[in-house]
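Peer 1: Protein chains in written order, with numbering that gives the first Met the number 0: chain A, 0 to 425; chain B, 0 to 263.
Since the hints were made in silico from the structure, they are not lab data.
Please read all numbers here as calculations on a predicted model, not as lab measurements.
Among the hints, erroneous ones may be present.
Here are the simulated DSSO-like pairs of lysine-lysine, each with C-alpha atoms no more than 27 Å apart in a straight line [what the hints assert, rightly or not]:
| id | chain 1 | residue 1 | chain 2 | residue 2 |
| --- | --- | --- | --- | --- |
| 1 | B | 245 | A | 314 |
| 2 | A | 67 | B | 50 |
| 3 | B | 175 | B | 159 |
| 4 | B | 50 | A | 270 |
| 5 | B | 99 | B | 219 |
| 6 | A | 181 | A | 279 |
| 7 | B | 188 | B | 219 |
| 8 | B | 245 | B | 99 |
| 9 | A | 314 | A | 286 |
| 10 | A | 270 | A | 341 |
| 11 | A | 314 | B | 225 |
| 12 | A | 314 | B | 175 |
| 13 | A | 270 | A | 314 |
| 14 | A | 286 | A | 67 |
| 15 | B | 175 | B | 99 |
Just a sample of chain B residues kept apart from chain A, beta carbon distances all over 10 Å, derived [to be verified]:
| id | residue |
| --- | --- |
| 16 | 99 |
| 17 | 160 |
| 18 | 235 |
Backbone N, C-alpha and C fix where the C-beta goes; we use that ideal spot for every residue, glycine too.
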Amino acid sequence: MSANVKTNWTGTRAWLRRMPMRRIVAATLLAMPAAALADSDNFVEAGRGRALVTAGDCVACHTAPGGKPFAGGLALQTPFGAIMTPNITPDNATGIGSWTADDFARAMHEGRRPNGTRLYPAFPYTYYTKVTRADSDAIFAYLRSLDPVSNSVDRNTLPFPFSIRSSMAVWNGMFFTAGEFKPDPNRSEEYNRGAYLVEGLGHCGACHTPLNALGANKADRYLQGGQIDSWTAPNITNDMQAGLGKWSVDDVVQYLKTGQARGVIASGPMKDVVENSTAKMPDADLKAMAVFLKDRGAAGGPAPTPVAASDGRMKVGEAIFVDTCAACHVRSGEGIARVFPKLAGATVVTQDDPASLIHIVITGGQAAATATHPTAPTMPSFGYRLNDEQIAAVVTYVRNSWGNAASPVAADAVKAIRGKVTGPAD
Amino acid sequence: MIDTSDRSAMRAKFAPPAEKPRHAGMSRRSLLATAALLITTSGATAKVVTKVLPWRPNEAYPVPPVVPGGWLFFTAEEASVVDAIVDRLIPADELGPGAKDSGVTTFIDRQLTGPYGGHDWLYMQGPFSSNPLPTQGLQSPLTPRQQYRQGLAALAAYCKANFGGRGFADLSAEDKDRLLAGMEKGDVKFDGFSSRMLFNAVHANTMEGFFADPIYGGNKDMAGWKLIGFPGVRYDFRDVIDNPNKPYTLPPVGMQGQPAWGVR
Chain A
0 MSANVKTNWT GTRAWLRRMP MRRIVAATLL AMPAAALADS DNFVEAGRGR
50 ALVTAGDCVA CHTAPGGKPF AGGLALQTPF GAIMTPNITP DNATGIGSWT
100 ADDFARAMHE GRRPNGTRLY PAFPYTYYTK VTRADSDAIF AYLRSLDPVS
150 NSVDRNTLPF PFSIRSSMAV WNGMFFTAGE FKPDPNRSEE YNRGAYLVEG
200 LGHCGACHTP LNALGANKAD RYLQGGQIDS WTAPNITNDM QAGLGKWSVD
250 DVVQYLKTGQ ARGVIASGPM KDVVENSTAK MPDADLKAMA VFLKDRGAAG
300 GPAPTPVAAS DGRMKVGEAI FVDTCAACHV RSGEGIARVF PKLAGATVVT
350 QDDPASLIHI VITGGQAAAT ATHPTAPTMP SFGYRLNDEQ IAAVVTYVRN
400 SWGNAASPVA ADAVKAIRGK VTGPAD
Chain B
0 MIDTSDRSAM RAKFAPPAEK PRHAGMSRRS LLATAALLIT TSGATAKVVT
50 KVLPWRPNEA YPVPPVVPGG WLFFTAEEAS VVDAIVDRLI PADELGPGAK
100 DSGVTTFIDR QLTGPYGGHD WLYMQGPFSS NPLPTQGLQS PLTPRQQYRQ
150 GLAALAAYCK ANFGGRGFAD LSAEDKDRLL AGMEKGDVKF DGFSSRMLFN
200 AVHANTMEGF FADPIYGGNK DMAGWKLIGF PGVRYDFRDV IDNPNKPYTL
250 PPVGMQGQPA WGVR
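Chain A with its partners taken away, still in its complex shape (with noise of 0.2 Å):
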């Protein structure tokens, strides 16, 4: 763990700078909350805390647009309604500067707050319940030593019924074991730190395990691929056909720290997770993630049969793409290395849900930045160009070209999309 501290230790100076003062404050104002003041010195743990939220990409969720790091607001928009995220930067009023660290461990583990009212899902507790009490204290003093900012959020969004929080009971008792990480004895350290960090703090299966009807990750699709904002979260389970089989753990590795990896490169809410989260966990975490991922098996649907390449829509697709897109994917779908991705063999192209396909073709969309790979290369819109049956067309066609095989798009599931993230096509 003392290599996780010393990895982060460049990137912490803004934050240490802050420290000594905040050290006199807390000395000098006796005014301050009693619980401020439990940890004289927390420097470490709170290091420690900082690579914790990190691996958790707390600040994701818990920053509104243009808002202040860790001060909420942002509206997280689910199946039931909009729930803003709350604010826990140390503010007495509109934070949690109030609460102690066992009030703290009780959300992550059990979902509820200090007066035991109940937390929504979308604060992934289903996975939180997995991080160690000492983890959670740690990212606990890292979160005390943030500067306490005054932003209050209306935390009651929802609608009737679903405003009634007791409710959470029903759902907790059919979805919800609560329980720290169990390290699997048969497997390796290095296997157990990766499990421990995909199912706790990474909360991986959030995104990448289909909901069912009331809003839980379904657990027997578990890893196999979700959707999340219309993009698509593509199957990470070891599936040769979906999922990262033809993945080596380097890859992976390399994916989760560079944004981009065999061709392919992170784009929609996955390059936040690359640039706010991954890119700056340590290397040694990265492979044990990848190793869990790899390791723990493969699950996936059976494999499609290509539609043909003399299918009407294929050839209306062909001609779009060659018009349209080849022009940077290439021809042959092979993109050109580090700057525009590769389609043909990409597994997020062939997933069963062509969300983020669709999505990426109307908005555009620009890659992960990381230190690594900072240029970030930009995909343009094509919604204005390109109605609804065409993006079908193009979509059906990138999908089973090249040896790619998925279900062909119709011109509806492009509409549904095209309503959630602009307008009707003209």
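We have chain A; now place chain B onto it with these hints.
Peer 2: For chain B alone, kept in the frame of chain A given last:
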């Protein structure tokens, strides 16, 4: 997007005046109102940009596609004369359709209703030289809208007086060509308007309409591009360059695609 509900208002806005105005076909007030109506991105005021880049990632600036049919600036009479002129400048022949069939008149009509028609982005306050050097560029207070309105009226008057009451569209092909050649040289004298200015305006706009992207109303079915072998909005030719001395076979493609993309 100019939809049909705006068209009557637009036509009224650009309708020729009942009487000949003292200076121009359009008052400053109505020109400003027109500009406000038509211009989405104002060129009138400079914007100061500091600290941030003046664009957002992935922004696209789609062109509202021109919907053919009817006239927004021209009267029916004016449109028939412009049709007749552009049909002589680029006539249909064995190589393909001409300017008239390619929608060039529609292209000019829609351009005249936009910022081009008012020279909205040009300094138009003068002074204007009466005997300018060629290097001095545009030296006239007349906007394209005024040039067409006044120039077509002068042409109509000239034809009426010199061809037995007939209009330009009713002349024989030989008479049209002779008259256009005279206008090009400036030999033909219209009453109160430079015949050469009208010819130059229509001539330049005809080429623009015939070779501009079809989204602007002309170059229908990419006829202009097919004529000269222009590939359209493609921008990567590595596959072609790797095959020297082999014919280039890809069809031209416009901003709205090409027929193989399916029906829009």
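Peer 1: None of the hints should be skipped; say for each whether it holds.
Peer 2: Results of checking the hints against the structure:
1. B/245 to A/314: holds, 24 Å
2. A/67 to B/50: Judged against 27 Å, a Cα distance of about 19 Å means the pair holds.
3. B/175 to B/159: holds, 13 Å
4. B/50 to A/270: holds, 25 Å
5. B/99 to B/219: holds, 10 Å
6. A/181 to A/279: holds, 26 Å
7. B/188 to B/219: Not OK: residue 188 of chain B and residue 219 of chain B at ~34 Å, beyond 27 Å, violated.
8. B/245 to B/99: Roughly 34 Å separates the two Cα atoms, so the pair is violated.
9. A/314 to A/286: violated, 43 Å
10. A/270 to A/341: Holds, at roughly 16 Å.
11. A/314 to B/225: holds, 22 Å
12. A/314 to B/175: violated, 47 Å
13. A/270 to A/314: violated, 32 Å
14. A/286 to A/67: violated, 32 Å
15. B/175 to B/99: Holds - the C-alpha atoms of residue 99 of chain B and residue 175 of chain B are around 15 Å apart, at most 27 Å.
16. 99: holds, 28 Å
17. 160: holds, 48 Å
18. 235: violated, 3 Å
Checked against the numbered hints above, the structure violates hints 7, 8, 9, 12, 13, 14 and 18; every other hint is satisfied.
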